[in-house]
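Colleague: Sequence:
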Amino acid sequence: MSTPSDERDEEVEEELAQAEHARHESRIEFYGGTAMSALPIGLFIVWAVFQSGFLGIGDTSGLVIGMLVSLIVGMFFAKGDWKTYANTIFEGMTQRVAATAIVAWLWAGMFAQVLQDGKFVQGLVWAAETLHVGASLFPAATFILAALLATGIGTGYGTTIAFSGLFFPAGLVVGANPVLLFGAILSGAVFGDNLAPVSDTTIVSAVTQDSDIGGVVASRFKYALTAALLALVGYVIAGMMMEGANISGNVSLNSNPVGLIHLVSMGIVIVTAISGRHIVEAISWGLVFAVVINVVTGLAPVQKMLVFYAPNNGPLASTFGFLPFVQTVAVNADNAGTVGGSLYSGASGFFPLIVLTLLIVAGAQIMIRGGGFEALQNWLLNTVATNVRRAETTMVLGTASVNAMITINTAAEIAIAPYVARIGQRFNINGYRRANILDANSSAMGYIFPWGGGVLVGYATMVQLVGSDQFGWFTRSMVVSPAHVWPFVFQGWFLFAVFLFSALTGFGLEYVSDRRSEEVARV
Numbered sequence: 005m006s007t008p009s010d011e012r013d014e015e016v017e018e019e020l021a022q023a024e025h026a027r028h029e030s031r032i033e034f035y036g037g038t039a040m041s042a043l044p045i046g047l048f049i050v051w052a053v054f055q056s057g058f059l060g061i062g063d064t065s066g067l068v069i070g071m072l073v074s075l076i077v078g079m080f081f082a083k084g085d086w087k088t089y090a091n092t093i094f095e096g097m098t099q100r101v102a103a104t105a106i107v108a109w110l111w112a113g114m115f116a117q118v119l120q121d122g123k124f125v126q127g128l129v130w131a132a133e134t135l136h137v138g139a140s141l142f143p144a145a146t147f148i149l150a151a152l153l154a155t156g157i158g159t160g161y162g163t164t165i166a167f168s169g170l171f172f173p174a175g176l177v178v179g180a181n182p183v184l185l186f187g188a189i190l191s192g193a194v195f196g197d198n199l200a201p202v203s204d205t206t207i208v209s210a211v212t213q214d215s216d217i218g219g220v221v222a223s224r225f226k227y228a229l230t231a232a233l234l235a236l237v238g239y240v241i242a243g244m245m246m247e248g249a250n251i252s253g254n255v256s257l258n259s260n261p262v263g264l265i266h267l268v269s270m271g272i273v274i275v276t277a278i279s280g281r282h283i284v285e286a287i288s289w290g291l292v293f294a295v296v297i298n299v300v301t302g303l304a305p306v307q308k309m310l311v312f313y314a315p316n317n318g319p320l321a322s323t324f325g326f327l328p329f330v331q332t333v334a335v336n337a338d339n340a341g342t343v344g345g346s347l348y349s350g351a352s353g354f355f356p357l358i359v360l361t362l363l364i365v366a367g368a369q370i371m372i373r374g375g376g377f378e379a380l381q382n383w384l385l386n387t388v389a390t391n392v393r394r395a396e397t398t399m400v401l402g403t404a405s406v407n408a409m410i411t412i413n414t415a416a417e418i419a420i421a422p423y424v425a426r427i428g429q430r431f432n433i434n435g436y437r438r439a440n441i442l443d444a445n446s447s448a449m450g451y452i453f454p455w456g457g458g459v460l461v462g463y464a465t466m467v468q469l470v471g472s473d474q475f476g477w478f479t480r481s482m483v484v485s486p487a488h489v490w491p492f493v494f495q496g497w498f499l500f501a502v503f504l505f506s507a508l509t510g511f512g513l514e515y516v517s518d519r520r521s522e523e524v525a526r527v
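Take the sequence shown: its position 159, counting from 1, is numbered 163 in the numbering used here, and each next residue is one higher.
Calculated directly from the structure, the hints in this document are not laboratory data.
For glycine and all other residues, C-beta sits at the position ideal for the given N, C-alpha and C.
Careful: at least some of the hints might be erroneous.
[To be verified] Simulated restraints, written as ranges between beta carbons of each label pair:
| id | residue 1 | residue 2 | range |
| --- | --- | --- | --- |
| 1 | 323 | 50 | 54 to 60 Å |
| 2 | 341 | 222 | 51 to 57 Å |
| 3 | 337 | 296 | 26 to 32 Å |
| 4 | 394 | 135 | 46 to 52 Å |
| 5 | 36 | 394 | 24 to 30 Å |
| 6 | 53 | 103 | 24 to 30 Å |
| 7 | 58 | 471 | 24 to 30 Å |
| 8 | 505 | 388 | 16 to 22 Å |
| 9 | 390 | 90 | 36 to 42 Å |
| 10 | 405 | 54 | 17 to 23 Å |
| 11 | 268 | 100 | 30 to 36 Å |
I would like the entire structure built from these sequences, with the hints used as guidance.
Modeller: Structure, rendered in structure tokens:
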């Protein structure tokens, strides 16, 4: 009988096979050579930096237009029939790795919104006040708790959504600095993505480097915990130095310990995920429990979570008006003929980000089919990686660079994994070491740059708080721009620094012969 772990490994093998197939399919020829295959991704990064960094606009829909324009511009540099270029866009948008992230976002979004309805944020505020966790320590506490959740459920994206929708508003009420708080949430996601045995990045890094998942996780503790300790100290110091939010005059949020019952909801998700269940199943069980608890305890009525606004002139509106999730409204009402509630808003808020993700993965597929990835990695392999130290440094910088370009860190990891394996095998570097370098930088960079998937999913979650029923005091000015948070993702930066230091100094370096061959090769 196959186990959930075996099924995840099979999924990874399928994704790797698809990526390898794309590399050896008929190439897209570009005017200007293989380097021009990076044009769509490159233009998008320039667009994102200009929009987010220079103009301070974090609108995800604007980034969608930027990626669309970039793909169109890239088409004009493709030689011959544009059909291959167009088909590659479709090929990239149907990649399983993108779909996996999208499904996690939708489920986590619904879960976080239902917990908001159940006054979980008010419970967190009560706990912070009771335990005397003030504004200066709240980011550090958030980092620890986010790291624990992400490690338990194996998805940094899901953790970012949950904490941005729950801990972020609670932290503002306590008085924590918003930018530092968002950075702490992203740092917790980095930690879990890097260390969780059930994380996609962990599985991909182990499978692609011919190593067993258990051994890989055990071998990376020293790196992850070193970075985490430095990050924790950083959040404590920064929390005491950086000015906190001052929104007490606008807040109508009362602390309420009853909302803490949803710690059970989160516990169900963690325990179910750790037991080997799929993340969708794990979140679904937590979601069902949360909905039932909201209704039974009176924390939130059914209409708060799902409601159909039926026009009163509808043929059967009065017939079904007795249902708790149907509300009859005037035909000229603004919400007539719409669907509402936390289940709807929790999922729909990520639709622009979903489109953006699919387009970016399509741009990455064009770079693969155009030979850009292969040309870059071959140059690094043959020119830069001339000894062990330079080889490991190349692996660190190469992995970080690719993840800086591609929104979904698992997709970036799959793209560069074969080259990390080639470089490492040339110098007989242990599979655990290769997997750790690959995973650490993939986990870190996906939550740092303004166009990264982890950053944007947190931003999209905060945008949904604006004008919501639960947080009428939350205004657009309280949303942290993706362009402002990148220096404060301490776990990401320290994890990158730890591995760069290790590569330059040889700290932790192991050759294949340092471990039994069957231990390294075991998958």
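Colleague: Run every hint past the structure and note whether it holds.
Modeller: Outcome of the hint check:
1. 323 to 50: 54 to 60 Å: 56 Å Cβ-Cβ, so the 54 to 60 Å window holds.
2. 341 to 222: 51 to 57 Å: Because 56 Å falls inside the window, the suggested range holds.
3. 337 to 296: 26 to 32 Å: holds, 30 Å
4. 394 to 135: 46 to 52 Å: Hint holds: Cβ distance 49 Å, inside 46 to 52 Å.
5. 36 to 394: 24 to 30 Å: Holds: the Cβ-Cβ distance is about 29 Å, inside 24 to 30 Å.
6. 53 to 103: 24 to 30 Å: Holds: the Cβ-Cβ distance is about 28 Å, inside 24 to 30 Å.
7. 58 to 471: 24 to 30 Å: 27 Å Cβ-Cβ, so the 24 to 30 Å window holds.
8. 505 to 388: 16 to 22 Å: holds, 18 Å
9. 390 to 90: 36 to 42 Å: About 40 Å separates the Cβ atoms of residue 390 and residue 90, which means 36 to 42 Å holds.
10. 405 to 54: 17 to 23 Å: Holds - the Cβ-Cβ distance for residue 405 and residue 54, about 20 Å, lies within 17 to 23 Å.
11. 268 to 100: 30 to 36 Å: The hint (30 to 36 Å, Cβ to Cβ) holds, given that residue 268 and residue 100 are roughly 33 Å apart.
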